[in-house]
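Chemist: Residue numbers (the working numbering), protein chains in the order written: chain E, 70 to 392; chain Z, 3 to 436; chain G, 413 to 695.
Accuracy of the hints is not assured; some may be wrong.
To be verified - Partial chain G-side listing against chain E, Cβ under 8 Å, derived: (1) 442; (2) 533; (3) 557; (4) 664.
Said to hold, decoys possible - Label-pair distances were calculated between CB atoms; the ranges are: (5) G/550 <-> Z/345: 52 to 62 Å; (6) Z/150 <-> G/630: 29 to 39 Å; (7) G/655 <-> E/162: 49 to 59 Å; (8) Z/173 <-> G/435: 24 to 34 Å; (9) G/494 <-> Z/231: 45 to 55 Å; (10) G/630 <-> Z/231: 47 to 57 Å; (11) Z/73 <-> E/163: 56 to 66 Å; (12) Z/59 <-> E/241: 32 to 42 Å.
What the hints assert, rightly or not - Straight-line alpha carbon distances no greater than 20 Å define the calculated PhoX-like cross-link-like pairs of lysine-lysine that follow: (13) Z/415 <-> Z/386; (14) Z/369 <-> Z/241; (15) Z/195 <-> G/654; (16) G/654 <-> Z/55.
Just so you know, these hints were derived from the structure itself, not from any lab.
C-beta: ideal position from N, C-alpha, C; glycine also.
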Amino acid sequence: MTAITTAHKAPGTAGAGGSPARRPRRRPASPARRSGWTPWLYLLPALVLLGGLLVYPIYQLGLISFLEYTQAQVSGGEPTTFQGFGNYATLFGDSQFWQVLLATVLFATACVLATLFAGCVLAVLLTRVRALPRLALMMAALGAWATPAVTGSTVWVFLFDPDFGPVNRVLGLGDFSWTYGRYSAFALVLLEVLWCSFPFVMVTVYAGIRAIPTEVLEAASLDGASQWRIWRSVMAPMLRPILIVVTIQSIIWDFKVFTQIYVMTNGGGIAGQNLVLNVYAYQKAFASSQYSLGSAIGVVMLVILLAVTLVYLRLVRRQGEEL
Amino acid sequence: MKLSARIAAPAAALVLAGLTATACAPQTSDTSAQGDEKSGTLRVWLFQEVGNKPKEKVVAAAVADFEKSHEGAKVEVEYIPVDTRAQRIKAAFNDPGSAPDLIEYGNTDTAGYVKDGGLADVSEEFAAWDEAEDTDPAAKQSVTVGGQVYGAPLFVGVRALYYRTDVFEDLGIEPPKSQAELISTAKKVHREKPELYGLAVGGAYTYGAMPFIWAHGGELAEETGVSYESAINSGKARKGIEAYTSLFGDDNCPAAKCAAMGGNATVTAFASGKAAMAIGGDFSHAAVEAGSVKGKYAVVPLPGVEEGSIAPAFAGGNNIGVLRSSSHRTLAVDLMKSLTGKKTQAKMFDAMGFLPTYTDVRATVAKRQPFVGPFVDTLGAGAKFVPASPAWGQIDASLVLPTMFQEIVSGRKDVAAASDDAAKKMDAAFADAS
Amino acid sequence: MSTPTTRLRIRRPGRLAAEAAALVIAAAVAFPLYWMVLSALKPAGEIQSTEARPWTLDPSLDSFRRVFEQQEFGRYFLNSLLVAGTVVIASALIAFLAATAVTRFRFRFRTTLLIMFLVAQMVPVEALTIPLFFLMRDFGQLNTLGSLILPHLAFSLPFAIWMLRGFVKAVPEALEEAAYIDGASRTRFLWQILFPLVFPGLVATSVFSFISTWNDFLFAKSFIISDTSQSTLPMALLVFFKPDENDWGGIMAASTVMTVPVLVFFVLVQRRLVSGLGGAVKD
């Protein structure tokens with residue numbers, strides 16, 4: 070461990086300097102990078118697994134989305150037929166699809182922002198408290214994270230039930246029904262999604278903060294910087310790679326929210342007012358084994374998510390962060 | 003820029019591959035039978051119930067009898083959670099290697115499984131089976147698709163009207179005798195005791211709403227030779243929808259709370275003392291007994307439109323069918339008969355409270371357990387079944403009817419518009435399936 | 413073990429307020445969990461009653477009994493442990509190697525690969541179970557624990573690689589150069605220097621892959637078709653779900669039973685998470 074300590078104390082260590090955000094691009098200089106085959110050797114096990122178990126199925130998914138493929142075809146009862154863009158036409162021709170898409174994008178955005186905000190604030194909070202409160206918060210968060218989604222959603226519905234739930238009683242809301250209004254239903258689901266997904270952000274960002282050399286944070290707080298300033302100009306820039314990952318992951322997961330909506334709003338809310346894309350896909354396709362339509366929806370989701378992610382990554386790159 | 007170019011290439015390749023590589027089509031399975039062996043191991047999948055032990059005992063006894071009378075045959079029974087049935091059974095259709103010879107299945111799945119090519123046609127054997135003569139017509143309809151029989155009914159489940167005896171006594175009222183009286187009684191109770199729902203109803207409680215449609219002579223769909231055509235927007239059906247949705251409102255069950263409720267929630271409301279009446283099944287009995295209303299309630303058949311008549315109820319329940327891929331067809335059919343025979347069903351009622359599908363057996367057990375009386379009467383008055391079309395699975399899963407009820411009770415659409423929309427969606431599903 | 417020097421600079425009232433806030437939030441976050449355990453202990457009729465009390469005067473272990481009485485419950489538990497354990501360890505090692513490759517090396521297709529890792533997570537899993545099912549069938553893996561381990565490993569890898577990339581990147585380049593100057597080989601740097609440094613990241617990642625594998629219902633019910641001896645814990649929970657007659661007590665009890673091992677797992681690894689890099693750099 071001596072080597073590490075020395076290295077860290079060395080002046081000019083990446084990130085420890087004045088403005089880490091504008092760090093110059095790294096140049097391939099170290100000996101490790103000269104060997105052309107080493108990275109592929111490191112990647113080999115991952116690529117073998119992913120090639121067989123993900124790339125191939127995704128290829129099949131694309132293929133199925135152009136066919137007529139229901140359970141009858143799967144079981145061999147009927148031959149498959151080529152549909153061209155028929156499945157996509159069905160999908161785009163449904164006006165409900167567009168409404169659901171809009172609701173999904175707005176809802177997912179709200180979830181991502183809320184989750185990231187709560188996760189980061191609590192991660193910083195964790196660094197400022199002693200072991201006992203820290204353990205308490207960690208354990209509570211982990212419990213929320215570990216609860217199966219079906220159960221978590223059910224418990225939240227119990228808690229907010231207008232007749233049987235304790236929350237309305239405590240808040241004095243009488244028999245206000247959370248799931249009746251479109252926005253209050255989305256708000257309730259958002260709270261549950263926040264509850265079960267902020268722990269991931271909190272734990273990850275906390276682990277990231279722990280990895281920042283103590284000297285850096287110490288220097289900042291010696292300068293009398295406020296917590297917000299420390300976050301803004303020291304922690305956030307250093308945690309950037311981690312923040313990018315948690316943001317992308319949150320986007321992917323929140324866009325694909327299923328169980329919470331399905332359980333809490335009883336399959337999509339009053340007259341489908343709380344449908345999101347994944348629940349819609351389930352109702353349209355998977356529950357009735359219309360795999361080709363389901364695959365088409367899957368491909369559409371993939372394209373949308375990919376677009377969102379690429380836009381985000383470009384924004385990040387423009388600010389000087391390399392992928 | 004570079005970033006998008008790099009991803010564009012593989013993405014385009016993926017799409018292109020999909021367009022051109024139809025030669026390498028996705029896989030299908032061959033599920034036709036391999037012969038008809040007269041000995042060997044038969045595999046059976048039954049649903050795992052909460053508190054499964056008594057069911058296991060009854061099944062074990064039936065299996066022991068079967069093995070005794072069929073030399074060389076062995077039976078392996080596996081219990082699967084109901085919630086996993088869709089994946090498991092579809093998987094069994096796709097992988098004959100893991101497929102059992104017999105399965106228990108929910109009767110609304112019959113048409114879908116037949117269309118998927120998974121169930122064997124047992125019409126001849128069923129017709130030649132003496133015990134089958136006493137099978138309740140609604141139960142028989144639930145194993146019949148396009149005139150052919152694809153299994154034998156194991157039990158039926160049916161709903162009736164639970165009501166609070168103490169509340170009714172308090173207000174000096176009698177259980178309702180007609181649908182109009184049911185509605186007025188519900189509103190009266192809520193007026194007198196505003197903390198109670200008169201009749202707990204749910205916008206997502208399709209099976210609780212169906213009797214209202216049927217009582218007015220309406221239908222969900224009409225058979226048109228090869229397929230079905232939705233009848234949910236017919237005049238009679240609309241009257242039923244009107245009647246059911248009139249129960250949502252501040253004078254009985256406020257839409258804000260009741261529009262979202264399903265069957266579970268209405269029974270919970272009743273069991274916890276929040277409702278004076280509810281439409282519950284024979285299978286809800288245990289939940290109500292465990293609630294705070296124990297000893298303060300009774301059950302009567304749900305009244306129809308005419309005074310003293312009974313509204314046709316939905317005949318739910320499970321069947322047992324033979325898989326098309328079974329290589330022991332004769333043995334499997336024999337085992338199906340002993341698992342669904344009168345003797346086993348009578349024992350199954352004692353063990354699990356499942357209502358027998360034979361009219362004579364049902365009458366006998368009703369004498370032993372008076373609480374099933376109203377349910378037996380309901381079945382006796384003629385229960386009905388959902389359209390025997392594979393499209394029903396899709397209609398059910400895409401919540402066509404709950405959406406219709408919810409659109410009406412939340413004031414988004416009137417009965418005519420909502421039922422027209424629902425009919426359109428149903429017809430699209432029927433067209434897809436045929 | 414944490415960073416006492418930093419702490420000293422934070423004024424006491426500030427820290428007390430922070431601690432109070434942490435405890436209040438912890439209580440709020442834990443409340444639904446408490447309600448879950450409470451519902452598992454309440455007698456059947458009390459779970460949803462008009463008197464929603466945050467305690468019960470009549471606790472009953474009936475719901476837990478229904479969970480444990482299931483046939484082969486112990487077997488499910490061991491299977492779940494085996495699947496989740498294998499996935500966590502294998503995915504941590506494989507992802508660590510891959511993350512190092514895409515972070516510390518420049519090579520062609522690097523960005524494409526990174527994007528592909530993301531793409532893999534964007535497809536709804538339901539859509540992928542069909543092709544995966546046929547894949548498993550053709551390799552004769554159906555009804556084996558392998559049919560759960562392999563897809564979970566594959567699904568946890570892209571995420572783990574992305575996560576670890578951030579942590580590997582955070583390790584200063586200067587450190588690597590210093591190691592080589594000290595005469596360390598590439599392998600030695602990888603396993604003896606880099607690996608311990610990204611350990612907190614590995615822990616955070618493994619918590620994730622553990623939970624997602626442990627709680628999985630979809631693969632468990634799609635690939636384990638005819639051999640219940642290969643089923644995992646979620647099967648013991650699914651028994652309580654039935655159309656129109658859910659057994660809430662059983663659901664809550666089974667969920668409690670499923671959540672406890674995750675918390676145990678976390679207690680085991682959380683000290684590593686806290687002391688991981690901070691400790692390594694300090695001493």
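Chemist: Taking the hints in turn, state whether each one holds.
Modeler: Right, here's what the structure says about each hint:
{"no.": "1", "hint": "442", "in the structure": "holds, 4 Å"}
{"no.": "2", "hint": "533", "in the structure": "holds, 5 Å"}
{"no.": "3", "hint": "557", "in the structure": "violated, 15 Å"}
{"no.": "4", "hint": "664", "in the structure": "holds, 7 Å"}
{"no.": "5", "hint": "G/550 <-> Z/345: 52 to 62 Å", "in the structure": "violated, 44 Å"}
{"no.": "6", "hint": "Z/150 <-> G/630: 29 to 39 Å", "in the structure": "holds, 34 Å"}
{"no.": "7", "hint": "G/655 <-> E/162: 49 to 59 Å", "in the structure": "violated, 32 Å"}
{"no.": "8", "hint": "Z/173 <-> G/435: 24 to 34 Å", "in the structure": "violated, 51 Å"}
{"no.": "9", "hint": "G/494 <-> Z/231: 45 to 55 Å", "in the structure": "holds, 53 Å"}
{"no.": "10", "hint": "G/630 <-> Z/231: 47 to 57 Å", "in the structure": "violated, 36 Å"}
{"no.": "11", "hint": "Z/73 <-> E/163: 56 to 66 Å", "in the structure": "holds, 58 Å"}
{"no.": "12", "hint": "Z/59 <-> E/241: 32 to 42 Å", "in the structure": "violated, 52 Å"}
{"no.": "13", "hint": "Z/415 <-> Z/386", "in the structure": "violated, 28 Å"}
{"no.": "14", "hint": "Z/369 <-> Z/241", "in the structure": "violated, 37 Å"}
{"no.": "15", "hint": "Z/195 <-> G/654", "in the structure": "violated, 33 Å"}
{"no.": "16", "hint": "G/654 <-> Z/55", "in the structure": "holds, 17 Å"}
Violation of the numbered hints given earlier is confined to hints 3, 5, 7, 8, 10, 12, 13, 14 and 15; the remaining hints are satisfied by the structure.
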